[in-house]
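These are the residues of each chain, in order.
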Amino acid sequence: MEYAFLLDMSRCIGCEACVVACKTGNELPIGTQYIDLIEHTSGTYPDLQGGFQNHRCYHCIDASCVAVCPTGALFKEDGLTRLNSSACSGCGYCVQSCPYGIPKMENGRATKCDGCASTVAGGELPWCVQTCPAQALKYDQRDLILAEAHERVAAIKGRYPNAQVYGETQAGGLGLILVLPDDPEKLDIPADPPPVPVVTDVWKNVVQPVSMGATALAAIGAGVLGIIARRNHMAELRDIEEKELAGAIAGDSDAEEVQP
Amino acid sequence: MLLSITDERSDMARVKLDITRRQFLMTGLAGTSLAGAAVMGSAQPALASSYPDPAWFTKGEVVSTYNYCDMCPWKCGVIVKSVNGQVIKIDGNPADPKSRGMLCARGQGGVSFMNDPDRLRSPMIRTGERGEGKFKEVTWEEALDYTAEKLLEIKDKYGQESLAIFGHTTGDTWWAEYFAQAWGTPNAAKPSTSICLSPREEASQLTFGIPVGGHEPMDWDEMQCITLIGSHIGEDSRNTVMQDFVSAQSRGAKVIVVDPRFSTAGARADHWLPIKPGTDTALLLAWINVIVTEERYDTAYLDEWANGLEELTAHVAEFTPEWAAPITDLTADQIRETARVMSERLPQAVIMPGRHTTWYGNDTQRMRAVFIINSLLGVYGRHGGMYFNKGVFLEDYPHPPFAVTGTAGGCSAEPGEESAELPLGPTGKARADGVRQGIDGGFLRGATAIQELIDPMITGEPYRIAGLINYGVNLMNSIPMPERTIEALKQLDFVLAIDILPQEHVAWADVVFPDTTYLERYDDLSTIAHKTPFIQLREPAVAPMYDTMPSWQMSRELGMRVGLEAFYKWETIEEYLDTRLRSVGSSIEKMHDDGGVIIQKGKPYLEDFIADDESPFHTPSGKIELASAELEEAGFDAIPVYEPTDEPPAGYYRLLYGRAPAHTFARTQNTPVLADVYPENELWINEDEATALGYSNGDRVWVENEAGTKTGPVLVKATQRIRKDAVYMTHGYGQVAEGLTISNGKGASDTKMMSRYALDPISGGAGLRVNFVRIAEGA
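Protein chains in written order, with the working numbering: chain D, 1265 to 1524; chain U, -18 to 760.
It should be emphasised that the hints constitute simulated quantities derived from the structure, not laboratory data.
The model shown is predicted, which means the values in this text are computed figures rather than measured ones.
Some hints here could point you the wrong way.
Among the chain D residues that face chain U by a calculated CB cut under 7 Å, a handful are [stated by the list, open to error]:
#  : residue
1  : Ile1277
2  : Glu1280
3  : Ala1285
4  : Lys1287
5  : Thr1288
6  : Ile1302
7  : His1304
8  : Ala1351
9  : Leu1451
10 : Pro1454
A virtual CB, placed ideally from N, CA and C, is assigned to each residue, including glycine.
Based on the sequences and whatever the hints tell you, model everything.
Right, dumping it as structure tokens:
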């Protein structure tokens, strides 16, 4: 069952209640918050436009953070992007790959909203949803959230002619569906972040080789190292076997030392 | 980096509390628990994402207690959740008419507030000079006995009236109301009146004969047009107000915002009027002009319910939009258009009464103009307009007649009737704040004016005020002219500070009583006058931490020692509450089982009063007074006129201030979770103005007023959201108190820039937007 959040930016009033409810409900340490209210303004006094970005994980369906995570600490579940910190190797690929700039590093590991996984599993609504005084947040099955988002957009079209649903298709579809009163670029939200394959291409062809060379390997868990080491060792053994076999056939006991 | 400390501020800087600790004993009056569970709050996990660790509320039995929030004076009903003896989470109570299950950022920060490691932990008595901050920890017996001795000395030497009692936060009823009235001092005051609501309340009394009340009676659900004069909803993050405002706007209500700053509300308004500060009354008069000359008022309503339309029409004839435009920096079209937007939607078009209305000194008259417009629009008593608040029915715990009737008022107090005669204390003295001196000095009417009690402490006029009990008021960061407050503190014979945190003024006390937070105690019932009047329960989630004592208990223990036993006859607080609740057929247990709230029947609309053959307006005539005969008799304008306010001198800006959504006044800046989200304020200055001065975002500057006092360093916020002749900061920063390890020295203080205020001669309100500042280098 795919779940999603609804975030209605025509209602959000930037009060920070969600930020603090999340911090307290999830017992986040000082210095960590999963939601940022970011003010934006355009124009010159007094001809101004402005509002807030309620900046938080967009729970992309084809999440690039999940695609690049070497340990599987990041994974999709119920339509949302989870993060198991204890499996995080601290490589930082997720930080580099997220089109919305969401994952942060804290004490050597990634941290981000996981859609209140344990809270929902325990039978409560996500903390931000429960507290929002503007009733800008909801959590439900994704198809119901999408339907409500479209209803809300229709209801505000008179006042906001550019009102639109964001997240049905953007970035391959999101687990955070927004009601936007205007075009996303006007609200400092990327209009349509590049699709995931491009991101992973960049990762595979640019980021990974660079970071491999930059001892990123050292940060990867022992299991991965072990696999690689064993693979190399097996290759080494095979080489030695071949050489010895060749030597045995050739009768040459001074086989060349094989470089792994 | 800490502030460097200049000579002018040397007295205010020394608030490091130097405390000689004593051995804690388990005995004594305070409730005791030093058990580990109560001492520190939830442990900080090493990792942020705990998945797949189960949620805290599945790790043991969840114990839920009811409370009314104390993180601001609005008093949302909340549910507090604890597991294994640790308080973890607070959320709104779905049954409560204020929170309706939702809660703002401050309310969510309540557990962090309770767990603030900087909290006061023990009663203390001063050892050094007053102001040095040198104390020794003592037992409650010693602190209470010593305090009682000093109070009785003051009573013997000068009379009971010589004791001033200041109070704020929801425990203040036990001090600024109950103890003050039992003891016999009329000099009990709250900052929530003369530094906040007074102009609004007095304007409402003069116009309608009733107060606005703590819960503004806006009938949001059917409202079609909302006008905000400065009310910065969203930054002022009162829970219910945000809920209702957003819902109304989402439903299609029009929003008009009048504000020199492009506030959160301004940015989502249908019409934002970027008004010049200090000129609101000119705009209001022009709106009245449009409404009466174009006959856009509710004729039938005015015929039935109001006096003075003819006089009003004649009075405003010259106050056209063309007259107001150059004064206000708006266009005549804007003024005319918005008057029409409002009046097209009457009676479901309301100018919000606002809350903090002490701006320029002529504020009661400005609020009169607001209420005149609301009357022309026929809003009071109409669906979608304003309803009539009705008080709660709940009997008091029996007590003897009070020695004096209190006039402290306050936003969390119940509205009372204004008496014709000034109450006198036992030795025949009325309050010392200059009330009833009329137009020649002091002010005409209203609640006790806290800032007007400071001079009597210094000068001894009209009589000596020798003692101060201060419950929870952040003296240096609320009352204007804080240097004068320090002078007063030096002159007093005795100062008792009751507080949760070592705020700046605590260093100036002789005795300190450490208060519990709202989560650690029972308290009196909260009663809310409302469309559906209701009673709220406060029950402890944990026992008092450290050696703190609940407000009610301190009041009782002190009262028993100064001859007021008859006023504190209950054995336990549970008995007190159950006795009161019996009068409404309830008890603590029943109230808890019924969801923590008791809701009563209101009387919100005109038809309810018509049915009772009663007028809802308690003016002498029983009608709305568009022209105020009472003001005229006292020598004031019967209908408001525009009075310009002083302009900033060259090189200076008018200092404006407001709220941050994650904070309350000067109260929460040290609360760990709230400080984490919003650690310091910023100086908003017009971007072009900043560039011309050579500053940009992220620079740190000092702010200096005309008296040469400085505050800072503060971050520059160079923004287009504010005019060039004003600067703005959120209130509550620039605190200088080394005991507040998080907030000490952060940001700049608007209060410290207030070297003057403008006294409203009608309500006693202190107009605070009359100070001018410039940016300065260094300390």
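So, going through the hints one by one against the coordinates:
1. Ile1277: 4 Å, holds
2. Glu1280: Where the cut-off is 7 Å and the nearest Cβ of chain U is about 4 Å from Glu1280 (chain D), the hint holds.
3. Ala1285: Since chain U brings a Cβ to about 5 Å from Ala1285 (chain D), closer than 7 Å, the hint holds.
4. Lys1287: Hint on Lys1287 (chain D): holds, closest Cβ of chain U at ~6 Å, below 7 Å.
5. Thr1288: 6 Å, holds
6. Ile1302: 13 Å, violated
7. His1304: His1304 (chain D) check fails; min Cβ-Cβ to chain U is 10 Å, beyond 7 Å.
8. Ala1351: Violated, because the Cβ-Cβ distance from Ala1351 (chain D) to chain U comes to roughly 10 Å (cut-off 7 Å).
9. Leu1451: 12 Å, violated
10. Pro1454: 22 Å, violated
Going through the hint list in order, the structure does not satisfy hints 6, 7, 8, 9, 10.
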